[in-house]
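> Protein chains in written order, with this note's numbering: chain X, 15 to 476; chain H, 15 to 476.
Check the hints yourself; a few may be wrong.
Any copy, or any two copies together, can satisfy a pair, since identical chains are not distinguished.
EDC-like mimics (lysine to aspartate or glutamate), calculated; alpha carbons at most 16 angstroms apart, straight line [what the hints assert, rightly or not]:
#1 Lys104 to Glu202
#2 Lys374 to Glu32
#3 Lys103 to Glu281
#4 Lys82 to Glu44
#5 Lys246 to Asp276
Treat the hints as calculated values from the structure; they're not laboratory data.
There are 2 protein chains.
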Amino acid sequence: MSNTSSIASATSRNELREVVRSQLKLLLEEKNYEGAKTLLVPVPSVDIAEAIEGLPETLQLLGFRLLKKNIAVQVYEYLPPRIQQSLIKKFQDEEVINIVNEMSPDKRAKLFDELPPKLIRKLLNHLSAEERQATDLLLGYGADTAGRIMTPKYIALKEHLTAIEAQKKIRTLAQQSEVSYYLYVTDEDKHLIGLISLKDLIICDPKTPLREIMTQEVISADTETDQEEVAKLIQRYDLLALPIVDKEKTLLGVVTVDDIIDVLELEATEDIYKMGGLDSPKDDYFEISLFNVIKQRSPWVLLLLVTNSATVMILSHYEVILDQVVALAFFTPLLIGAGGNVGAQSSTVVIRGLSTEGLKDKKPLEVVIREFITGGLLGMMLGVLVIVGIILFLGQQKVSLTVGISLLCITIIAATTGATLPYLFMKLGFDPALMSSPLITTVVDILGIFIYLNTARFVLGI
Amino acid sequence: MSNTSSIASATSRNELREVVRSQLKLLLEEKNYEGAKTLLVPVPSVDIAEAIEGLPETLQLLGFRLLKKNIAVQVYEYLPPRIQQSLIKKFQDEEVINIVNEMSPDKRAKLFDELPPKLIRKLLNHLSAEERQATDLLLGYGADTAGRIMTPKYIALKEHLTAIEAQKKIRTLAQQSEVSYYLYVTDEDKHLIGLISLKDLIICDPKTPLREIMTQEVISADTETDQEEVAKLIQRYDLLALPIVDKEKTLLGVVTVDDIIDVLELEATEDIYKMGGLDSPKDDYFEISLFNVIKQRSPWVLLLLVTNSATVMILSHYEVILDQVVALAFFTPLLIGAGGNVGAQSSTVVIRGLSTEGLKDKKPLEVVIREFITGGLLGMMLGVLVIVGIILFLGQQKVSLTVGISLLCITIIAATTGATLPYLFMKLGFDPALMSSPLITTVVDILGIFIYLNTARFVLGI
Chain X
15 MSNTSSIASA
25 TSRNELREVV
35 RSQLKLLLEE
45 KNYEGAKTLL
55 VPVPSVDIAE
65 AIEGLPETLQ
75 LLGFRLLKKN
85 IAVQVYEYLP
95 PRIQQSLIKK
105 FQDEEVINIV
115 NEMSPDKRAK
125 LFDELPPKLI
135 RKLLNHLSAE
145 ERQATDLLLG
155 YGADTAGRIM
165 TPKYIALKEH
175 LTAIEAQKKI
185 RTLAQQSEVS
195 YYLYVTDEDK
205 HLIGLISLKD
215 LIICDPKTPL
225 REIMTQEVIS
235 ADTETDQEEV
245 AKLIQRYDLL
255 ALPIVDKEKT
265 LLGVVTVDDI
275 IDVLELEATE
285 DIYKMGGLDS
295 PKDDYFEISL
305 FNVIKQRSPW
315 VLLLLVTNSA
325 TVMILSHYEV
335 ILDQVVALAF
345 FTPLLIGAGG
355 NVGAQSSTVV
365 IRGLSTEGLK
375 DKKPLEVVIR
385 EFITGGLLGM
395 MLGVLVIVGI
405 ILFLGQQKVS
415 LTVGISLLCI
425 TIIAATTGAT
435 LPYLFMKLGF
445 DPALMSSPLI
455 TTVVDILGIF
465 IYLNTARFVL
475 GI
Chain H
15 MSNTSSIASA
25 TSRNELREVV
35 RSQLKLLLEE
45 KNYEGAKTLL
55 VPVPSVDIAE
65 AIEGLPETLQ
75 LLGFRLLKKN
85 IAVQVYEYLP
95 PRIQQSLIKK
105 FQDEEVINIV
115 NEMSPDKRAK
125 LFDELPPKLI
135 RKLLNHLSAE
145 ERQATDLLLG
155 YGADTAGRIM
165 TPKYIALKEH
175 LTAIEAQKKI
185 RTLAQQSEVS
195 YYLYVTDEDK
205 HLIGLISLKD
215 LIICDPKTPL
225 REIMTQEVIS
235 ADTETDQEEV
245 AKLIQRYDLL
255 ALPIVDKEKT
265 LLGVVTVDDI
275 IDVLELEATE
285 DIYKMGGLDS
295 PKDDYFEISL
305 FNVIKQRSPW
315 VLLLLVTNSA
325 TVMILSHYEV
335 ILDQVVALAF
345 FTPLLIGAGG
355 NVGAQSSTVV
365 IRGLSTEGLK
375 DKKPLEVVIR
385 EFITGGLLGM
395 MLGVLVIVGI
405 ILFLGQQKVS
415 LTVGISLLCI
425 TIIAATTGAT
435 LPYLFMKLGF
445 DPALMSSPLI
455 TTVVDILGIF
465 IYLNTARFVL
475 GI
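Let the hints inform the model, and build the full structure from the sequences given.
Here it is in structure tokens:
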């Protein structure tokens, strides 16, 4: 079993991470640098980055300097922007240049996004011509596009090569390129004409030319394609990488699946934030300053407050009714609360359906009608419950009828608007996820109180 | 340029899908089967599945039968469960057996989850011994575990093989195994002892034994590990596949990154549904019956209604105050609305932070205190606005003070409970995402009204 001791499974993996974090701190504080080096040898780069992130700021540079050059670059790439920037200011010139020159172009472009222009110019001057060119290329594309997240260091082969020749070629190119699972075949003008997997290269007869084994039906994306669209293509077609081309189908780079998983997580977070009534975060919410938290959260809260003041207008307009039957005021929170809940459910399913393509086959009208019926059924259930409850506990028949009828109308309207508004937002060119639970709740508050007081006027004959 | 005509980029890809869908229907209706066959030749399996899904039910079987055997299996795997089941009942015996026997074991296990036991027994009887064993193995593990989603058809090699021998071995095994980017090295007892990528196999000296090039630090998961945990490992360590082992580190199967992307999307949908106050869906929400929609949505709506009836109790208990100053009733929706919005924001950031590990370095108390301060700052902003507004428009100074003070207290409590409850839920063993916007809104409704009426009593001296 000694052989398998280094095979760590999921459960022990989290404990291992904890041990590395606490041990590294201890060893550095004891100035036991050899011990710290030995500790880190078998640790994956992402876990080393986490351990360095967890160190007190005074020890971070020290911890980082224990790493071998090739590991140091990987660890640096995994560090959060905040620590990348703090380190880059403390590094000696030579250290900076070594690391930045060795970074993969997409990670480097991401770092440059966060640095002051003066520092970027200095760093660019120190890059090798090739790396500088790669970085310039990426920085030329808009944020969140395929061009920005691709790596230009793919391997491209010519179609007349045989499988065995291709293998030899890969061996010579492996040092300066990223070998992904796919190899791309290009013509003399660098146009993408085919794709071949490493597997195909190994299992075919070694003398077969690539032309005969390559797939010509290659799925690709433009440099300007949004990264979310790239993610969806990779997900849909179960790809490990996607080639990125320009309008003439010239191959420019490759986006790999590991980058895409992070994109998908970020997009889900953005949706969730919007649905919770927050602007989507530029940086980690828990890392930004309180000032920025307030800046991020107050627009929605303020907008909703101002909108909700319509309820004050309506209620004060119907003051006479409330004055005569004060019991009516007891039920406003209950009514608008129930409506808000039903509305939040409806908008949630529609927003998620639109963002995952779960709704691609459904007509909007069909969906809205189904929500209308659902709202009606839920409302009838709740209405009966409320009528029975009010008669039993408060003995007010007319009030109970008012509340029951209002509840039915409110849930129907809540479910219908909850389903309609995300479509409307999309139609208007906004993100449907902006139709958040807080927003639908506010809409239902206003409509609900209006319905309630008019039902009261009718039923109570005031 | 004729060479590159089949390279479809992202933008034209969606149009292509549309064309295939509409053309297939037309050709089948015209009984032009040869035309339909030709149409489908260059189309990826997932798009064919989508096109068949979009056909009227009477044409689905017909469309499916146009496919070549190896494509048919892939297309079948991509079809949604509903159509898989409908087709399996219409197939002739021989067709069923061919397809089910050729399916990958993990997809087959998923299908069997949905079929009646009688049909499963019949199908199992017709499987080849090897496929039957693979299926039995997977079905033996719980739903949502690594064991259930892994493929047992990995390639394992012995460490004494040289790179060139390994390549030969892969060539002979490629027919009955899935060749992923990683190859696994096992000892005589099938214990996992190392990993080697296809890239390493190609770029090393062909005569090197695997022992010398394999990585011994292999990250793996247990068969019982939750699929979400598997997804997080693959995401964290940028892997293309993860080996699955038993307690003795015996290699049993492999989970690949393409399966994991779907798991991550499903988990995000589950979180979003819970945060919107819905049970997480077993099947696509838009495919289930209205009865099941109500069954899924009513528990939360009912629970929240019953909880919210506490607001009725409180308001009726303070009837005297409302009777004396009816204007107080105008502001309840505004107050609890603003509180609910702030609370929904706080619970959203904390829930998402807990589910993406964005909060892994933060102490709960630290997070709650920050939300407390945020709530206070937002409350002061809103409070001042409301006090000025009420004095300007309604001229009621004491009421304005009551509303302003209450608003400050309510936003503080909303932000603090919004941040605390997800942690509490997690501590109690529930999913933090259950702390939905509707739930926090309801909690804020009750606390808010209590605070409001007591502030009123104090400020107005009733």
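> Confirm or reject each hint.
Evaluation of the provided hints:
When the C-alpha separation of Lys104 and Glu202 is checked against a cutoff of 16 angstroms, the pair qualifies neither within a copy, at 46 angstroms, nor between copies, at 51 angstroms. Taking identical chains as interchangeable, the C-alpha atoms of Lys374 and Glu32 lie at most 16 angstroms apart only when they sit on different chains, with a minimum of 11 angstroms there against 44 angstroms within one chain. In the homo-oligomer, the alpha carbons of Lys103 and Glu281 never lie at most 16 angstroms apart, since the shortest distance is 31 angstroms inside one protomer and 39 angstroms across protomers. In this homomeric assembly, Lys82 and Glu44 never come within 16 angstroms of each other (Cα to Cα): the closest approach is 21 angstroms inside a single copy and 68 angstroms across copies.
In the homo-oligomer, the alpha carbons of Lys246 and Asp276 lie at most 16 angstroms apart both inside one protomer (12 angstroms) and across protomers (11 angstroms), since each shortest distance falls under that limit.
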